[in-house]
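Engineer: Sequence:
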Amino acid sequence: MKRGNLTNNYYYVFQHLVKTRLYIIFSFLLLIIVMNFGGCNKLPPADKQKNTGENLYLITIESGSYSGYNGSGMSLEIIENKNRFYDLYQTIHSIDLPQPEPPEIDFNTEIVLAAFFGRKPTGGYSIEFGDAQLVDKSKLNAEVLTKEPLTGSILTQAVTSPYALASVKRGEIKEIVFLNRDGDILKQIKLH
Numbered sequence: 657m658k659r660g661n662l663t664n665n666y667y668y669v670f671q672h673l674v675k676t677r678l679y680i681i682f683s684f685l686l687l688i689i690v691m692n693f694g695g696c697n698k699l700p701p702a703d704k705q706k707n708t709g710e711n712l713y714l715i716t717i718e719s720g721s722y723s724g725y726n727g728s729g730m731s732l733e734i735i736e737n738k739n740r741f742y743d744l745y746q747t748i749h750s751i752d753l754p755q756p757e758p759p760e761i762d763f764n765t766e767i768v769l770a771a772f773f774g775r776k777p778t779g780g781y782s783i784e785f786g787d788a789q790l791v792d793k794s795k796l797n798a799e800v801l802t803k804e805p806l807t808g809s810i811l812t813q814a815v816t817s818p819y820a821l822a823s824v825k826r827g828e829i830k831e832i833v834f835l836n837r838d839g840d841i842l843k844q845i846k847l848h
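Per the numbering used here, residue 657 is the first one in the sequence shown, and the count goes up by one each step.
Quick caveat, the hints were computed from the structure, so don't treat them as lab data.
Hints may contain errors.
What the hints assert, rightly or not - Under the rule of at most 30 Å between Cα atoms (straight-line distance), these lysine-lysine pairs were calculated in the DSS-like manner: (1) Lys825 x Lys795; (2) Lys825 x Lys843; (3) Lys843 x Lys795; (4) Lys830 x Lys738; (5) Lys843 x Lys793; (6) Lys793 x Lys830; (7) Lys803 x Lys846; (8) Lys803 x Lys776; (9) Lys846 x Lys793; (10) Lys738 x Lys776.
Unchecked claim - Derived CB-CB ranges, DEER-like: (11) Ile810 x Ile841: 32 to 40 Å; (12) Gly839 x Ser728: 24 to 32 Å; (13) Glu736 x Ile841: 32 to 40 Å; (14) Gly808 x Asn764: 46 to 54 Å; (15) Phe763 x Leu842: 39 to 47 Å; (16) Gly786 x Glu757: 22 to 30 Å; (17) Asn836 x Lys793: 22 to 30 Å; (18) Asp840 x Pro756: 40 to 48 Å; (19) Gly727 x Lys793: 27 to 35 Å; (20) Pro754 x Ser794: 39 to 47 Å; (21) Asp838 x Lys795: 34 to 42 Å; (22) Arg775 x Leu753: 14 to 22 Å.
Keep in mind that this is a model prediction, so the values were computed, not measured.
For each residue, glycine too, the CB sits at the ideal point set by N, CA and C.
Input sequences plus hints: build the corresponding full structure.
Structural biologist: What follows is the structure, encoded as structure tokens:
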């Protein structure tokens, strides 16, 4: 075997190894980037409004994967006064240092809706409000959307407690009905 052919063979083998290693490194970096966008960070307060039909706007106050809510199951609440809202907000952010100040809500004209998914063993879970429809002038149907991780998903290995807060104009609303995405009633609450 000639020395030139052997050198060329080593060169091609070396070149193939470099390409393979670069591919592996690139794949690993891409995996890390995708995992960072996996919903494990708390979302900043949203200031956009979702049009939910019949000129009704559901305003997302904030949502996140981590909260101080310790319940094991889903909890849906309506908050009609400032004191209850401040207590709830403090509970949500009891795990944060420093704790953020609660946003200003005018409870003379608005109601706050709160949804908690409960403590979960990993990331990949979320809860949010979907559509809100005014059935008549006194009844509001609010859709609650939940998401669970797919089997075999790569997940954050941390206990999470997803939550969502939204506000809606009070108007003449006397009752709020929380529905799942299939339209099944999760909870009905009459306002005071």
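Engineer: List in ascending order the numbers of the hints, as given earlier, that are violated by the structure.
Structural biologist: 13, 15, 18, 21
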